[in-house]
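2 protein chains.
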Amino acid sequence: MKKTIENKANKTQITDKFWGHYLEVVRDQVIPYQWEALNDRIPGASPSHAIENFKIAAGEAEGEYYGMVFQDSDVAKWLEAVAFSLENHPNEELERTADEVIALLGRAQGEDGYLNTYYTVKEPNKRWTNVRDNHELYCAGHLIEAAVAYFKATGKREFLDIMSRYADYIDNVFGPEEKKLKGYPGHQEIELALVKLYEVTNNEKYLNLSKYFIDERGKQPHYFDIEKKNREDERPFWFNNDYAYHQAHQPVREQDNAVGHAVRATYMYTAMADLAAKIGDEELKKASERLWENVTQKQMYVTGGIGSMVFGEAFSFDYDLPNDLSYTETCASIALVFWANRMLNLEANSKYADVMETALYNGTISGMDLDGKKFFYVNPLEVLPEASEKRNDKKHVKAVRQPWFGCACCPPNLARLIASIGHYIYSQKEKELFVHLYMGNETTVEVDGTQVQVIQKTDYPWDGNVSIQINPEKEQGFTLALRIPGWAKGATVKINGEGFDHIPLIKNGYVYINRKWKAEDTVELVLPMVIERIQSNPQVRQNVGKVALQRGPIVYCLEQVDNDENLHGFLLPRDAELTAEFVPDLLDGVVVISGEAERIVEADWNSLYRPVSDQTTPVQIKAVPYYAWCNREPGEMIVWINEKR
Amino acid sequence: MKKTIENKANKTQITDKFWGHYLEVVRDQVIPYQWEALNDRIPGASPSHAIENFKIAAGEAEGEYYGMVFQDSDVAKWLEAVAFSLENHPNEELERTADEVIALLGRAQGEDGYLNTYYTVKEPNKRWTNVRDNHELYCAGHLIEAAVAYFKATGKREFLDIMSRYADYIDNVFGPEEKKLKGYPGHQEIELALVKLYEVTNNEKYLNLSKYFIDERGKQPHYFDIEKKNREDERPFWFNNDYAYHQAHQPVREQDNAVGHAVRATYMYTAMADLAAKIGDEELKKASERLWENVTQKQMYVTGGIGSMVFGEAFSFDYDLPNDLSYTETCASIALVFWANRMLNLEANSKYADVMETALYNGTISGMDLDGKKFFYVNPLEVLPEASEKRNDKKHVKAVRQPWFGCACCPPNLARLIASIGHYIYSQKEKELFVHLYMGNETTVEVDGTQVQVIQKTDYPWDGNVSIQINPEKEQGFTLALRIPGWAKGATVKINGEGFDHIPLIKNGYVYINRKWKAEDTVELVLPMVIERIQSNPQVRQNVGKVALQRGPIVYCLEQVDNDENLHGFLLPRDAELTAEFVPDLLDGVVVISGEAERIVEADWNSLYRPVSDQTTPVQIKAVPYYAWCNREPGEMIVWINEKR
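Protein chains in written order, with the UniProt record's numbering: chain A, 1 to 645; chain B, 1 to 645.
No lab work stands behind these hints, which were simulated from the structure alone.
There may be inaccurate statements among the hints.
[Stated by the list, open to error] Only pairs whose alpha carbons sit at most 25 angstroms apart, straight line, appear in this in silico SDA-like list of lysine to any residue:
no.: 1; chain 1: A; residue 1: Lys298; chain 2: B; residue 2: Gln615
no.: 2; chain 1: A; residue 1: Lys390; chain 2: B; residue 2: Lys395
no.: 3; chain 1: A; residue 1: Lys395; chain 2: B; residue 2: Phe239
no.: 4; chain 1: A; residue 1: Lys431; chain 2: A; residue 2: Val445
no.: 5; chain 1: A; residue 1: Lys229; chain 2: A; residue 2: Gln250
Kindly produce the complete structure, drawing on both the sequences and the hints.
Shown next, in the form of structure tokens:
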């Protein structure tokens, strides 16, 4: 096994104001609410039945299975969010509840290790007959992820043992050996989970099974056809009969362009990067890099949203990024964060961390309101409420967040991401400690046997001043590699108050500072946050003549509540001065961008068309962070603003 | 009965080059092809079965009904196109074929006058049980229109008598009397047809039945609910259960905004204007005017396309005019021509004729290729072939015309419109002769008992010089009212070579020239055709910063074949000189617009987003008439061009 870059940083305590708020919301709102939901105690909401399904499977309750075929995964994501939350904020009662759920899972598990309530309760003789549609392996993956997180957070083995037994059983069902099924999941997820299970167990069987699922995918004869024939299923597959929906249209290693369901795709790409790193697989690494370039350079919204098509919740084609039709599922942006994190393990290059940061500060957290009570499944870059209401082709674009979803994938996914935010800040490769994200936290890492405390302080994302104090228990030589974000121009670095020319130390976007660190050594990084007008590649046909405003990692938008209706009539001159101001009592405290723009005069129009004769009038515009939109009065919203012409 | 403005002009011979070509194509291609289609003799095409259905209904063939529930209407539209074509171009063989079809219709008619092959053959006991969905009254309407046209063209009464019997029967089924059904058609059409039937028969019963259908519509209790209950049909109506699809959501006279299926709506508006004129109904007139303003000032594409939504082939909401998602069915633009024609009967105002002209020269004939062999059902204003291929929400937007459709409504509808083009040029109100359209033709009208020959010569739409020679059989005083199109600035008028100030004679866009006309009096009208950059009302959010090019009545577009791909990257400076040139060997002879624009340099882009830094390079652009797009190599097309900013 090749030694790979791994995220060894742990015991990270978030002290950050921005993320601290989100952690608190997840802890105090989302996790308790979701627990009530899983137990069918939310008045008015359609029941989840997810806990009840496990009770029935365990023989402790009577009744029928109810819910989506992947209902088990809601329990998994909740347990994983709980695990990450406990890391930052111990809570005995919550942990006891989790332990009880885990014990229930154990009792619901079959003698052979099988653990899926849908099949156990509803179709006990049909296990593994439809891995294309029925999410058995997907649910297993989420449960494995939760078990690993719970083990890491609490040190308790019970859940990990349950899932290891299940994984052992799955390994007996699928694989290259003659009597095993040659299948792989219709919804990828278990591939990345098995890598995590390998990391904590060191059992290579799990790594090999993950690699098997990746390598078997898309081969001919096609497994989805084989199992379809076996179950005598004549129905065409709904996505125009195209297995590109599952990224199973061709062998994974040959894939160049991101296609199909964006979450499935991106979970798979995450596992590919994981495997490439763990086993030193150069071909998988190249495939990961090709797909990364395609997604981030041709199919990603400026907010880190991916998947521009409601049909199939899918990628469409290069540069096809309509702002008003986008699907940009919250889960897809979350998956992009996972993938970026794994690409960073393959290679410390700021292009990965830049995308991770973009998704974290924009397209993921836009999925939840500031109170953690309402959620967007779809994160469009342009909303006209009347269009969402009246156009069938835009009905997926909700003008306001919803309390919960029938398919409740996004809220718990966001909960587990936020609760684990500390895992994305650092990574370590032997004597190199990389700092990918800037946020207040206290972490302890081990370098060459020395415990090193790292204390980061910053008012990010509103201010680009970052202070990092290094406290090794004894003087210790190592490299601190600081990411300079792509948006930061003229960054400066000081050590213990002394500036120096850091430019020669930059490699792939990171400043490599190698020295013997001693207690209270302090690095001060200044990342100037200026307001940038961002343009799209001209092949993005929807955005020609438009700019998006960005400051630091934050992408801005115009909301009707701050401006007026018909936001398309606001024209921003290229040379208009824009100012940034922190407003503490707005949207839990945000930097607002203001300036004088022009607005097309509507009053002098009394027809639908006429020969050109522009009339504009000066108007003040006010832009707020995209992630925080729709936390006040509902209305129009746009990210891409027409420029003055 | 109030005396109304009526289209009395007849015996119009088209001598126009532009429309003469289309008449020839309809005569030589569309009508013969369609005849083969109706008789299932097109290899490879799915059978129409429409003639066979009539044979089965007549007891002259064995078999089952086949085809859409409205298959009869294809025969009707073919007969109507034949009738109009015979007016301009007698053809004994074609007329004999039509007579045979008409005789067949007669034999398929029931004793009671009923004539619908679907119900006669397939569900003989279920007549009038589902007027919401099953198009019985719609088919009757098209057959009535055809019968009227055939009577006017040939003087033969047989078809007219058949349809009068059917109309009499329908009048016995529907109406206010106690035992009659209180229904009205799900697809409007018979309302306008009954007015035509009244015009040739003078039987007020038909006018009253038309008015009954209009006035009953949308009343509560809702007839569609009543008949649904009667047939024990529990299914919700597919259009989100909203009768706005049928414009039956509220009483017709109360309607302010165009909603629902665009063709149904516009056929109904046509009948409303008809009725308002015929019976002097001020309330219906006001409703027609309100709806006209809504459609043409808030819901119409610059090409005269209407219906911006594929779901329901429907209007959406004010100013919602996406260029790449539009439905803009050919039939809907055709219906807009009908409606404009009727509004002109209500009031001679050039705003109606301007829209009629726009639709005729752009959004209707774009539905057919120059050879009359392939057709667009949907006429988008922006096409990217890859999007049509890969995005499910754009699959209705075809990148190339199709040979025929399963639902073959548009091709025969276009055929009958083109064949009847001569009916839209003039209208007469007592001693006022209005000239609405400019095209080469020779017409004879009767003014105050005097036969007046009118000879129009022009190279319209490429040249705005129009000569109109007036040849009364004896000197005759009357008013010639010439439309000055909204796009024409600085028009001049001469009579027998002498110019005069016509401005004081203009009323509602028409120059009223009253004089004693004698043989060979010639009016010369010059309508300067300059290239205009047209802007949209700023509430059309998709078109901010864009212009459409128009010259005379012709709207232009950019095609990839003349320019390059990524047409959105072409920027047209406001002050760029544009020149117009007639190119005889291009697209059967068109005026091409050329000029120097700029193009965003794509070569210096190596990312998806970056801070603003425009690089443009000069580029020649070439625009061709929109109606003629997609007659060469397929590719991208746009009507709305980004301006240089």
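* Satisfaction of hint between B:Phe239 and A:Lys395, Cα-Cα up to 25 angstroms -> Measuring from Cα to Cα gives roughly 13 angstroms; hence the hint holds.
* Asked: Can the restraint linking A:Lys229 and A:Gln250 be considered satisfied, given a maximum Cα separation of 25 angstroms?
  -> It holds: about 20 angstroms lies between the C-alpha atoms, which stays within 25 angstroms.
* Asked: Can the restraint linking A:Lys298 and B:Gln615 be considered satisfied, given a maximum Cα separation of 25 angstroms?
  -> Roughly 20 angstroms separates the two Cα atoms, so the pair holds.
* For the pair supplied as a hint, A:Lys390 and B:Lys395, confirm whether the alpha-carbon distance does not exceed 25 angstroms. => Status holds; Cα separation ~20 angstroms.
* To do: Given the hint that A:Lys431 pairs with A:Val445, test it: the Cα-Cα distance must not exceed 25 angstroms.
  => Holds, at about 11 angstroms.
Checked against the numbered hints above, the structure violates none of them.
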